[in-house]
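Engineer: Below, each chain spelled out in residue letters.
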Amino acid sequence: MRHTLLIAIVLLLSSWAGAAQIETAPEVGSYAPPFVLKDLEGKTVSLESLKGKVILLNFWATYCVPCKTEMPSMNALYEALKDKGFLVLAVSIDTSVKPVKSFISGKKLRFPVLLDKDKEVFFDSYAALGLPTSFLIDRNGIIVEKVVGPKEWGAPDVKDKILRLLSAK
Amino acid sequence: MKRMNRLGAWGLAAVVAALSACSSTVLVSKDGKGYFLGSGSNAAYRMLCESGDLKKVLADTRLPEETREGLYKYNCSSERSGDRVKQIYAALTAAERKDLRLAFTRNGYDINYLPC
Numbered sequence: 028m029r030h031t032l033l034i035a036i037v038l039l040l041s042s043w044a045g046a047a048q049i050e051t052a053p054e055v056g057s058y059a060p061p062f063v064l065k066d067l068e069g070k071t072v073s074l075e076s077l078k079g080k081v082i083l084l085n086f087w088a089t090y091c092v093p094c095k096t097e098m099p100s101m102n103a104l105y106e107a108l109k110d111k112g113f114l115v116l117a118v119s120i121d122t123s124v125k126p127v128k129s130f131i132s133g134k135k136l137r138f139p140v141l142l143d144k145d146k147e148v149f150f151d152s153y154a155a156l157g158l159p160t161s162f163l164i165d166r167n168g169i170i171v172e173k174v175v176g177p178k179e180w181g182a183p184d185v186k187d188k189i190l191r192l193l194s195a196k
Numbered sequence: 610m611k612r613m614n615r616l617g618a619w620g621l622a623a624v625v626a627a628l629s630a631c632s633s634t635v636l637v638s639k640d641g642k643g644y645f646l647g648s649g650s651n652a653a654y655r656m657l658c659e660s661g662d663l664k665k666v667l668a669d670t671r672l673p674e675e676t677r678e679g680l681y682k683y684n685c686s687s688e689r690s691g692d693r694v695k696q697i698y699a700a701l702t703a704a705e706r707k708d709l710r711l712a713f714t715r716n717g718y719d720i721n722y723l724p725c
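Quick mapping for you: the protein sequence lines, in order, are chains B and S. In terms of this note's numbering, the first sequence is residues 28 to 196. In terms of this note's numbering, the second sequence is residues 610 to 725.
Be aware that a few hints might be false.
To be verified - Once the Cα atoms are required to be at most 30 Å apart in a straight line, the calculated BS3-like pairs of lysine-lysine come out as: (1) B:128 to S:639; (2) S:642 to B:95; (3) B:65 to B:144; (4) B:178 to S:707; (5) B:125 to S:642; (6) B:125 to S:707; (7) B:80 to S:707.
Claimed, not checked - Sample of chain S residues lacking proximity to chain B, with all beta carbon distances greater than 12 Å (derived): (8) 641; (9) 649; (10) 679.
In case anyone wonders, no lab produced these hints; they're calculated from the structure. From the three backbone atoms N, C-alpha and C, an ideal C-beta is built for every residue, glycine too.
Use the sequences and the hints to build the structure in full.
Structural biologist: Spelled out as structure tokens, the structure:
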């Protein structure tokens, strides 16, 4: 009886610890915090509704040169793998929509772009510090990689990794 | 004037960005001046600590006392440390980070983000 009680206490404590982990800054291995944001047309998009896809969540801004530099390779990756269940979600922390729309249309970028004007998702939920910061999220909503700074998204190892995630259940 | 201050802040941010890495902490700016939390610079100390601003910002939050004390200590004492500030920041819950962000904003600061 005492033994059972002890196990129950340990299980309870470990579940609390797990919950606390979700609450703090998300890292590799933790669930991607849910969010709801509007896209450039004002349409609401929730991360929850995209569960089942492999997602590259990218935080950027039009005043961030390295962010803009990596976008063409990100777009090419999106175009190549979107039909297999891969999605790029670019979250801009610009305070107005106009420069974002202008940049996206000028560069002919096809992936969805969301706006986080108050930085609620960037700062509060994802505890990011620099731009760009990207999170690769698997089909189960778990963060499998965090990339701080720009990256060459067209590199073969990146594509291979995403293909592996796409083929996993 | 406000626009000039904002331009000044971003100009300064660009300079700081060139000198810093992505691993820096949050940049807070006010009146055209911006500094990383936990920075060891004297100018940051004057802006956040000598002015009493950080005390006011932290008092304006609902963060646990221990967290507020830690943030004050690692910004405004001889133990100033960007790494310790980052540790505290990462351990905050989303609601606590929001609380901190809004407290800075209410007290006249912008929280800015820099290109890596």
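Engineer: Against which earlier hints does the structure fall short, listed by number upward?
Structural biologist: Violated hints: none; all satisfied.
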